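Enquirer: Chain residues, written in single-letter form:
2 protein chains.
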Amino acid sequence: MEQLEKIETYRFSVEPFHVDFTGHIFMGVLGNHLLNAAGRHSHNRGWGIDQLNEVHYTWVLSRLSIELDETPSQYEHVEVETWVESVMKLFTERNFLIRNADDGRIYGYARSIWAMIDVKTRQPSNLLELKDGDILRYAITADEKPCPISKYRPSRPSSEPAARTINTYYSDVDINGHINSVKYIEHILDLFPREVFEQHRIRRFDIAYKIESYMGDTLTFICQPTDKLLPNGQPAEQHIEIRKNVGAPAHPEGDSVIQAKVLWE
Amino acid sequence: MEQLEKIETYRFSVEPFHVDFTGHIFMGVLGNHLLNAAGRHSHNRGWGIDQLNEVHYTWVLSRLSIELDETPSQYEHVEVETWVESVMKLFTERNFLIRNADDGRIYGYARSIWAMIDVKTRQPSNLLELKDGDILRYAITADEKPCPISKYRPSRPSSEPAARTINTYYSDVDINGHINSVKYIEHILDLFPREVFEQHRIRRFDIAYKIESYMGDTLTFICQPTDKLLPNGQPAEQHIEIRKNVGAPAHPEGDSVIQAKVLWE
Chain Y
1 MEQLEKIETY RFSVEPFHVD FTGHIFMGVL GNHLLNAAGR HSHNRGWGID
51 QLNEVHYTWV LSRLSIELDE TPSQYEHVEV ETWVESVMKL FTERNFLIRN
101 ADDGRIYGYA RSIWAMIDVK TRQPSNLLEL KDGDILRYAI TADEKPCPIS
151 KYRPSRPSSE PAARTINTYY SDVDINGHIN SVKYIEHILD LFPREVFEQH
201 RIRRFDIAYK IESYMGDTLT FICQPTDKLL PNGQPAEQHI EIRKNVGAPA
251 HPEGDSVIQA KVLWE
Chain A
1001 MEQLEKIETY RFSVEPFHVD FTGHIFMGVL GNHLLNAAGR HSHNRGWGID
1051 QLNEVHYTWV LSRLSIELDE TPSQYEHVEV ETWVESVMKL FTERNFLIRN
1101 ADDGRIYGYA RSIWAMIDVK TRQPSNLLEL KDGDILRYAI TADEKPCPIS
1151 KYRPSRPSSE PAARTINTYY SDVDINGHIN SVKYIEHILD LFPREVFEQH
1201 RIRRFDIAYK IESYMGDTLT FICQPTDKLL PNGQPAEQHI EIRKNVGAPA
1251 HPEGDSVIQA KVLWE
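Which chain is which? The protein sequence lines are Y and A, in order. Sequential numbering from 1 applies to the first sequence in the numbering used here. Sequential numbering from 1001 applies to the second sequence in the numbering used here.
The set of hints was computed from the structure by calculation and includes no laboratory data. Heads up, a few of these hints could be off.
As the list claims (entries may be wrong) - Covered stretches of chain A (chain Y as the covering partner; in silico rule of three or more C-beta atoms under 8 Å from a C-beta of chain Y):
#: 1; segment: 1007-1020
#: 2; segment: 1032-1042
#: 3; segment: 1159-1171
#: 4; segment: 1192-1206
#: 5; segment: 1239-1251
Everything numeric in this text was worked out from a predicted model, so none of it was measured. Cβ coordinates follow ideal geometry from the N, Cα and C atoms, glycine included.
Could you build the full structure based on these sequences and the hints that come with them?
Expert: Next up, the structure:
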């Protein structure tokens, strides 16, 4: 199989309501486009969520990392290439290249990790045993198609006090009744005041999805700056954790739903 | 000019993260697509926000009403037709037809009202005087191209206590620094518990944008059911008002930002 057949290209334009007050695409909206690109790539190769549902399997997003030298601006045309870098027993690594569709300049790259689970048991499935290992036909090695950004190693904030607790509502949940992957990104970035976005750009955003939360769960955000500083003395990086239902009598510490990291420049 | 040239057709697919837990498109996402369709129609006729900005004018959305016999579902292909029904001195009425792109069945219609303002003075402009009344060339009468849904007449809830007060953050604001038109729709629907969406479908959503609010403003939601009841005895209709910065010492009653109405079936 040619390398080209292993790669899917997905195009979109940066819409007016999808940019922040600086005129650049919201990280959550970009994440949504990457997930759409992933969905289309899988579907066109017989591994789409719709096709897997018929055999009682589904993809679960485990990690997403986006690193941008430049953030796409309003009305720009963007092209996303996506491909599978590796397939292990329980996970696949899927990468993305994000570039301007008109002049080809590269905005940045993204990495993601996906697990396949059995819909009935919610247990992970062995990807190499499904369809006689057909998925391996689509993998491209990092030598053939590099993704020059590092992998994310999640780490928890330590003992920082909670920055905010929110309730979750109708607009937060997806078709499965889970808080949707993109909404977590929105809520995390809503922790930061206007001045941070006025003075800095998000260079990299990492998120690890640990367990699911549901409409009506409360989400508590813990946000801890690391020692890295920007030239103006502001924190360059924060570790974030989202815990659900903290303070419930039976289980007051709650459960860790999300770990994330924001890197500013 | 042919009627066809006055109508713009805009297509989209209902994406996985753009549907609610019932598998139907979020009203806010549909609203966003309608606004994109409007933007493209205006732009292609020389009346786009980008083109008007050069001469220091801009469009301001004043009202939006969406009425659906059926709500588009995940993965469906949707076609939106939009056209200008009338042009008055200070407002234009723009309508929408929303149908399935594959089999042509009509989901519903929408109406909107737009004002043109001078960016410097924030005062309304006389649309008939701009570009020698060029905009009139695009109007189609209601006889030629009907939009069979009623017009919205906003009305305030009376003395109902506030249902919720929220803070506004980074993800709420658009490129102008205003809380974005679509986010108001999200926040309004977030007032309703899960059971309401499980048992009922939104038949019609109306919203009137009165004044702008900004990142950091608090928004207080007042929600009052009317006398109309559904067969199961639940309210069929609610009037909603959003007031900003209620309780501020100098101006405790706040200011009315939004009036809206939700009709269930």
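Enquirer: Give me the numbers of the hints this structure contradicts, sorted from smallest to largest.
Expert: Those not satisfied come down to hint 5.
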